[in-house]
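These protein sequence lines are chains A and B, in that order.
Counting in my numbering, the first sequence runs from 7 upward without gaps.
Counting in my numbering, the second sequence runs from 7 upward without gaps.
Please note that a few of the clues may not be correct.
[To be verified] Subject to a maximum C-alpha distance of 35 Å in a straight line, what follows is the list of computed DSBU-like cross-link-like pairs (lysine-lysine):
1. A:LYS260 / B:LYS178
2. B:LYS256 / A:LYS260
3. A:LYS156 / B:LYS206
4. A:LYS249 / B:LYS308
5. B:LYS266 / A:LYS273
Just so you know, the hints here were simulated from the structure itself, not pulled from any lab data.
Number of protein chains: 2
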Amino acid sequence: MKIIVDVHGGDHPEEVVKGAITALNQEKDITLILAGKEEEINRMLTGLSYDASRLEILPATEEISCSDEPTVAIRTKKESSLVLAYNRLKDDEEVVGLISAGSTGAVLAGGFMRIGRLKGVSRPALGPVLPTLTGGKVLLMDSGANVDCKPVNLCHFAVMASAYMQAVEGVKNPRVALLCNGTEDEKGNAQVKATFPLLKQMPSVNFVGNMEARELLSGDYDVVVADGFAGNVALKSVEGGVKTVTSTLKAGIKSSFMAKIGALFMKGVLKNMKQRLDVNGQGGAVLLGLKKTVVKVHGSCKASAVVGAVSQVKKMAEFDIATAITNGLAEMPALDFAE
Amino acid sequence: MKIIVDVHGGDHPEEVVKGAITALNQEKDITLILAGKEEEINRMLTGLSYDASRLEILPATEEISCSDEPTVAIRTKKESSLVLAYNRLKDDEEVVGLISAGSTGAVLAGGFMRIGRLKGVSRPALGPVLPTLTGGKVLLMDSGANVDCKPVNLCHFAVMASAYMQAVEGVKNPRVALLCNGTEDEKGNAQVKATFPLLKQMPSVNFVGNMEARELLSGDYDVVVADGFAGNVALKSVEGGVKTVTSTLKAGIKSSFMAKIGALFMKGVLKNMKQRLDVNGQGGAVLLGLKKTVVKVHGSCKASAVVGAVSQVKKMAEFDIATAITNGLAEMPALDFAE
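Let's have the full structure, built from the sequences with the hints guiding it.
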């Protein structure tokens, strides 16, 4: 099994390479392909020990940055690490997935333009895997790839995200909730109200009802389905809420001698909290619905996120998530998808 | 100036009464009307000292609970404290506003059904006033009263919320942002994309562009405009994020002896943080766009929130927010509000 890693596009290519090598040393049955500037990669590999027979470099001369217009960049930067990586992902049957820390827009555009959709999928979607209060994970799908959605899209997100939670997290019969402004069945905007009865009728989805955004990380749900706009708002608001508390706490500690001493005593707890809430360490956001899997790690990610992402791609391939998704969609009853 | 307070419907009527009396003692030029069960109110007033000539009881025999269907309750529970309070608000020119800790649905329904809309307002809206990282406030409008919106509604929210920030927070030329999935002008779902150019053209709105949900509490904006669905998701996600950190922190402190000692040293900082992030202490969510002002305090609010709410209502009346809103709307250019 081969996995391709786009070295460029993020803030710390050396962390991407370091993470890839750590993953290569942990997973003995994979081959990694590093797409990027050969000289730079070789320099970054210096001093690292690994099984060279399972590492390949796919040389590129360009990179796509966050300031590039995504679709234009995919079309014109033909020698960029991301485009070459996508071409290889498409053409090489042995390559099962791609990992990139590059511009989300470019990663999405590349996926849509170079890799086809799976049969039956109306819209591929992107979702982050978030840590929950009970120590588990929750997949929020979509979180920004599709800002305008129809009910049928949300139903497909439910099938795809359920397959992911089974494949990677080993969750049997994942609990799927619909992001809403209340928990009652009759709550929601027009889109949610139209989607609710459809999800109820889907045999391949364990739909547990509407949920309020404050319960996103409660651990009561394995999958939360939303259109990309509302999902993005939820994701970033949670981030904002977390940041507000941690910033206020940090500023408080800085401003008081007593609190500084207190923080020393609490060091273990604070570190533990940081780790538990660190999305970075847990892999990346998954792009589902394409013929091959793509994981987008954070632009400023550390090596550990890349290690997590390799594990995500590997588990999805071993589970054969593509077949799980197409089977799940094929089982869908003839629903009335009119709006 | 008279302000009416609905005593029932929330979890702690005695806190509502206590807060009302504290406000009455602070604000020497107002009269408060407590709507509720007379015997209960008299019992709650026992032992409190106040100027009885500025306190009136509006006797009610029923209350509306959260399990009541809002519009049905407003229509049928004619002797409830909320309905009687709304009737008085409507009929008595001297009464400038209403405060309730009751069911949000019933408070909204009562407002829409008993109090008319201001001239030119397409949709009244509800917004919480949130604390920001820089020590200021931000008004998120709408946060749930209108889950399906048109661009014209969002433009009206901008005018109304700007008037509030001027009236109550004394912010000159409030910075208005549109809740979006990115900061770039061209970002957004269809609704945001249609609203953006309209807000740009409004002379009475200091529109500063799109914002990401993670910046909601940053202090960079005074008003954040959203449809009630996205606004609700943002509000509750922030709450969820804050809760996640504080719960994780609390559990960590509980589980370690060292951390418990640390928490003692950090007592001041932790208390200060709790106060700063406490929406409860800062008043309530404002319902704007009706002929009179309504403030909805949290169902489980403490007395301090009611004190804040009285101050909100008083300031809005002194500023004559109704005229500010109608003038702001009258200044709107003939925009193309087609979708």
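Each hint tested on the structure:
| no. | hint | verdict |
| --- | --- | --- |
| 1 | A:LYS260 / B:LYS178 | 32 Å, holds |
| 2 | B:LYS256 / A:LYS260 | 20 Å, holds |
| 3 | A:LYS156 / B:LYS206 | 29 Å, holds |
| 4 | A:LYS249 / B:LYS308 | 26 Å, holds |
| 5 | B:LYS266 / A:LYS273 | 11 Å, holds |
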